[in-house]
Amino acid sequence: MSSNSSRRNFIRKTAALTGGAFAASGSARPAPLAVPPSNQEAGRIIEETAYGMPSKFEAHVKRRRTDVFKNRQNLSDWSMTPLQHQPGIITPNGLIFERHHAGTPDIDPRTHKLVIHGLVKQPLEFSMDDLTRYPSVSRFHFHECSGNGLTDWLKPASMTVQQTHGLLSGVLWTGVPASTLLEEAGIDPRGKWALLEGADASAHTRSVPMEKMLDDTIIAYAMNGEALRPENGYPVRAVLPGWEGNISVKWLRRIKVGEQPWHFRSETARYTDPMPEGKWRQFSMVMECKSVITNPSGGMALKRPGFYEITGLAWSGAGKVRAVDVSVDGGRNWREAKLEEPIMDKCLTRFKVGWNWDGKPAVLMSRALDSTGYVQPSVQEIQKKRAIVGFVQHHNAIQPWAVNANGEVRNVIGQA
Amino acid sequence: MSSARLKVLWLVGVSIALAACAGIDGSGGMTTKSSTGIPLGATGPHPVQPLADKPRFGKPISEADVAAWNIDIRTPDGAGLPPGRGSVAQGREVYAQRCAACHGADAKGGPVYGTMVGGIGSMNSSPRVLTPGSMYPYAPILFDYIRRSMPMDRPQTMTNEEVYAVSAYLLNLNGLVPADAVLDAQSLPKVQMPNRNAFLIDDRPDTQATRCMTNCK
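As you go down the protein sequences, you meet chains Z and L in turn.
Using numbering that gives the first Met the number 0, the letters of the first sequence map in sequence onto residues 0 to 415.
Using numbering that gives the first Met the number 0, the letters of the second sequence map in sequence onto residues 0 to 216.
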């Protein structure tokens, strides 16, 4: 009895030290420790200049395209963030999800221009040198594609959390408030909407209410402490915190002020939500409160009964995460998880709760609440209101992961 | 929810319809709706600080200087459609040269993309068949999208006449204009699209999940 509890303590400490729920915790007595070669050989030198890369042992941590189906071209395509390998709330730049409509352009910042025109007192042109001279802001926000989860509604199609939820990243954005530039151009009182347009081969375009532009929209040129990556909009993009990722137009070249929305293809035929009676919901911008357990999650295996830290991410486009509840019995009973500071507005928030797995089948779920009082729904609750047909957008339902008696974890969306 | 309660986004008077939604928030929460009716989410957590002295680095430019970039069409009324015209017959030729390799003969689907024809009347079935004919609420969306994004290998290289012509051809294949149609800035916005009145303004939050903690199901 006492040796059992001391072993549990050891497992707990090991998990805490490594920061992961699945650190190997051997049941056999550890062998005597030898001095490793890294103690007895000099390491690599510091290069005169270099851009650091992850350990070669982390080569499996990569973005992936969907493996639920095969896109027949990879220009209008997407790749997903390996959330199961991400501790904390910030996604490294090389792992931030991608969604483009005609590939990634390589744009020279020395020639790139951003224009503001339309219903303004004075149309203006900005170079990148101009934009980076303005007083800047840096803000942490989640970034999520409206199509995150689109393959997994009523039955599971994806295996891992990378495939179910990986159109999601956490980013520290740096740039100029859009209000600074718009006010300099002088907004005509009739100007209630703004068009954002990209300099890529899709010339991707969306209509944005002026209030959002003036509220918290950032004209961003940096992410996580360095220039934007090409696939994330280099040299400059829009960032509309809390709203569907598609509207944060990358490779931003033009802002046009107008009286009404333009009703582009990307806000009528796409990025709209099928509703009952053949209808479509339009301009559904806010990404509603959502959470997902990232560890343990689909495709993992619990090696043996005992302590595991259940952890995951929660976020809300409507404000801050107020609480996250976790169930290990398929949603019958719940307990509140610990939220890890910082808890920021429209930002990924990390939750954690300890769990002693008894070796029996279990179904793990998380359910987030935000500062508006909104409670993350189940798929069944969403299905009461919306038509789930085709590539449905704005999926914020509770994600269940089933653990079988062998410890194997699998996606059971729609089944639990 | 009955269809009568659903707010339909109309072609004309869109801002009036949107304004009718303003301030209505069934959740009782803090979600803010804008004067346009589009929910904004939380607002004002990061108020923009007034600057002591506002730098002004923008360089004045004229609308004429922006002309080559100024390609957006306000699709409900076609504002921004350029001069020029194109016929269904011309569009068939342009389509064969520029589009068919990906979209297939007669726009019925090809090696890369599925059909762009049909689906009208499929919105109450599952799956809904989404094509420009069945899905687009306004015909000028075709012009705007083709001109800015197509063909994928060489976008923004077609003439306005070619774009009008391909638009006409696709509308004809969908049975929405006759075979002798010639479309221009005046006639394209008048093409009646079947899905025009199918769009509703965001009315979320639409779910009413509660925070049950024990014996929940």
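Treat the hints loosely; a few may be bogus.
[What the hints assert, rightly or not] Residues from chain L that face chain Z, not an exhaustive set, calculated with beta carbons under 8 Å:
(1) Pro38
(2) Leu39
(3) Asp52
(4) Pro54
(5) Ile60
(6) Arg97
(7) Ala104
(8) Lys107
(9) Gly108
(10) Val111
(11) Thr114
(12) Ser125
(13) Arg127
(14) Arg203
(15) Thr209
(16) Asn214
[Stated by the list, open to error] Cross-link-like lysine-lysine pairs, in silico, DSSO-like; alpha carbons within 30 Å at most:
(17) Z/Lys383 with L/Lys58
(18) Z/Lys112 with L/Lys53
(19) L/Lys58 with Z/Lys112
(20) L/Lys189 with Z/Lys337
(21) Z/Lys319 with L/Lys216
(22) Z/Lys61 with Z/Lys302
(23) Z/Lys384 with Z/Lys154
(24) L/Lys58 with Z/Lys351
(25) Z/Lys319 with Z/Lys351
(26) L/Lys216 with L/Lys107
(27) Z/Lys154 with L/Lys216
[Said to hold, decoys possible] Derived Cβ-Cβ restraints for the label pairs, each shown as a range:
(28) Z/Thr110 with L/Ser61: 41 to 47 Å
(29) L/Asn214 with Z/Val34: 55 to 61 Å
(30) L/Asn214 with Z/Pro108: 32 to 38 Å
(31) L/Pro110 with Z/Ala27: 33 to 39 Å
(32) L/Val181 with Z/Pro275: 35 to 41 Å
(33) Z/Gly93 with L/Asp52: 36 to 42 Å
Hints were generated in silico from the structure; no laboratory data involved.
These figures come from a predicted structure and were not determined experimentally.
All C-beta atoms, glycine included, are put in the ideal place defined by N, C-alpha and C.
Each hint, compared with the structure:
1. About 5 Å separates the beta-carbon of L/Pro38 from the nearest beta-carbon of chain Z, less than 8 Å, and the hint is met.
2. At about 6 Å, the closest approach between the beta carbon of L/Leu39 and any beta carbon in chain Z falls short of 8 Å, and the interface hint on this residue holds.
3. Because the closest C-beta pair between L/Asp52 and chain Z is about 10 Å apart, greater than 8 Å, the hint is violated.
4. Taken as an interface hint, L/Pro54 checks out: its beta carbon lies about 6 Å from the nearest beta carbon of chain Z, inside 8 Å.
5. With 8 Å as the threshold, the beta carbon of L/Ile60 comes within range of chain Z, its nearest partner Cβ sitting at about 4 Å, so the hint holds.
6. Interface restraint check for L/Arg97: the shortest CB-CB distance to chain Z comes to about 15 Å, outside 8 Å, so the restraint is violated.
7. At a threshold of 8 Å, the smallest CB-CB gap from L/Ala104 to chain Z is about 17 Å, leaving the interface hint violated.
8. Among the interface hints, the one on L/Lys107 is violated; its C-beta lies about 16 Å from the nearest C-beta in chain Z, farther than the 8 Å criterion.
9. Restraint check, L/Gly108 versus chain Z: the minimum CB separation of about 11 Å is more than 8 Å; hint violated.
10. Using the Cβ-Cβ criterion of 8 Å, the hint placing L/Val111 at the interface with chain Z is satisfied: the shortest such distance is roughly 5 Å.
11. For the restraint placing L/Thr114 at the interface with chain Z, the shortest Cβ-Cβ distance is roughly 14 Å, beyond the 8 Å limit, so the hint is violated.
12. The beta carbon of L/Ser125 comes within 4 Å of a beta carbon in chain Z, closer than 8 Å, and the hint placing it at the interface holds.
13. A distance limit of 8 Å between C-beta atoms decides the matter here; for L/Arg127 the minimum to chain Z is near 6 Å, and the interface restraint holds.
14. Because the smallest distance between the Cβ of L/Arg203 and any Cβ of chain Z comes to about 6 Å, under 8 Å, the interface hint for this residue holds.
15. Because the closest C-beta pair between L/Thr209 and chain Z is about 6 Å apart, less than 8 Å, the hint holds.
16. With a least beta-carbon distance of about 7 Å to chain Z, the hint placing L/Asn214 at the interface is held under the 8 Å criterion.
17. Using a Cα cut-off of 30 Å, the hinted pair Z/Lys383 and L/Lys58 is violated, with the two alpha carbons roughly 52 Å apart.
18. Between Z/Lys112 and L/Lys53, the direct Cα distance comes to roughly 21 Å. Compliance with the 30 Å bound is thereby established for this hinted pair.
19. A C-alpha spacing of about 11 Å is found between L/Lys58 and Z/Lys112, which places the hinted pair at or below 30 Å, so the restraint holds.
20. Between L/Lys189 and Z/Lys337 the alpha-carbon distance is near 58 Å, which puts this suggested pair outside the 30 Å criterion.
21. A hinted pair counts as satisfied when its Cα atoms are at most 30 Å apart, and Z/Lys319 with L/Lys216 qualifies at roughly 28 Å.
22. Proximity of Z/Lys61 to Z/Lys302 is assessed by CA-CA distance (about 24 Å); at most 30 Å being required, the pair is judged to hold.
23. A hinted pair counts as satisfied when its Cα atoms are at most 30 Å apart, and Z/Lys384 with Z/Lys154 qualifies at roughly 18 Å.
24. As the CA atoms of L/Lys58 and Z/Lys351 are separated by approximately 50 Å, the hinted pair breaks the 30 Å bound.
25. Using a Cα cut-off of 30 Å, the hinted pair Z/Lys319 and Z/Lys351 holds, with the two alpha carbons roughly 17 Å apart.
26. Distance check on the hinted pair: L/Lys216 and L/Lys107 sit about 47 Å apart at the alpha-carbon level, beyond 30 Å; violated.
27. Taking the CA atoms of Z/Lys154 and L/Lys216, the gap is about 20 Å. The hint holds against a cut of 30 Å.
28. Checked against the hint of 41 to 47 Å, the pair Z/Thr110 and L/Ser61 fails, with Cβ atoms roughly 20 Å apart.
29. Judged by the Cβ atoms, the range 55 to 61 Å given for L/Asn214 and Z/Val34 holds: they are separated by roughly 56 Å.
30. For L/Asn214 and Z/Pro108, the hinted distance range of 32 to 38 Å is not satisfied, since their beta carbons lie about 59 Å from each other.
31. Between L/Pro110 and Z/Ala27 the beta carbon distance is about 56 Å. The supplied range of 33 to 39 Å is therefore violated.
32. The hint said 35 to 41 Å for the Cβ distance between L/Val181 and Z/Pro275, and at roughly 39 Å that hint holds.
33. Between Z/Gly93 and L/Asp52 the C-beta distance comes to about 39 Å, which sits within the given range of 36 to 42 Å.
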